[in-house]
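Enquirer: Sequence:
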Amino acid sequence: MTERAGYHHGNLRAALISAAAEIIAEKGVGELSVAETAKRTGVSSGAPYRHFPSKQALLAAVVTEAAAEFDAAARAALSPQDADEIRPAEAMAAVADTYVRFVVRRRIGWDVLFGGELADVDDEEKNAATRALSDTFLRPALAVGGGDMRSALTLLEHVIAAAHGYAELYIAGLFARTYPDVDRAAAQAAAIARALVTAQE
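The numbers in the sequence shown follow our numbering, run straight up by one, and end at 280.
Here are the simulated distance ranges between beta carbons:
#1 Val200 with Ala251: 20 to 30 Å
#2 Ser123 with Asp227: 48 to 58 Å
#3 Glu280 with Lys134: 43 to 53 Å
#4 Thr257 with Ala207: 37 to 47 Å
#5 Ala270 with Ser123: 43 to 53 Å
#6 Lys118 with Glu203: 24 to 34 Å
#7 Thr277 with Ala126: 47 to 57 Å
#8 Asn90 with Arg229: 37 to 47 Å
Worth flagging that the hints you see were computed from the coordinates, not collected in a lab.
Quick reminder that beta carbons are idealized off the backbone N, C-alpha and C, glycines included.
My request is simple: use the sequences and hints to build the entire structure.
Expert: Here it is, written out as C-alpha cells:
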C-alpha cells in the first residue's frame, strides 16, 4: 500500500491524527472513521488500532490537538495585553471572532470538544486541553460579571451559541451572498458579543 505523503515510519500516530483532522475539516466529525483515516494515511485498516483502540480514542487525540490550537488562537486574539486588561466587551468580541474562524477552518467547535461522542470518554490529555481552552474563554466573561461565575457562564454560553451559529451557517453556505468570506461572519458574531456584554453591564 502506498504511504501517504509526509508519513514516515515511527510517526504513524501523528500521521493518523493529521489525517483524521483533515477528514473532519473536509466532511465534518460525523464522517470520521478509522478505516478512512487508515486509507488516507496509506496504511492497512488494522494499523491505527496499534495506537488507538477505538474511533473515540482517535477522535480524543484529534480534539486534544485542536483544543490546544484553539487555545493558542484565543490567547493570541487577546494579546498583546492580558485578557484581564482588555475592555471586557472587546475581549468577548475577540473570543467570538476567534470561535467563528476556528470552527470554519477546522470544523471542531464546542459541540465536538465538550459533547458528542466524547461526552463520556475520560481521556486525561483531552480533559486537560479542553479545560485550558475553557479557562481562556471564561476569563474575560468573568471580568464582565465582576468575578461572578454564574453570570460569566451564562454570558459565555450566549456568546458561544451565537458564534457557533454563525460558523455553522457559514459552513452550510447560507451566508454566501451576504457574507462571501469568513471575516464578515466573524465580525457579526463579535458584534453580538459586544451587545451581550453591554446588556449585562
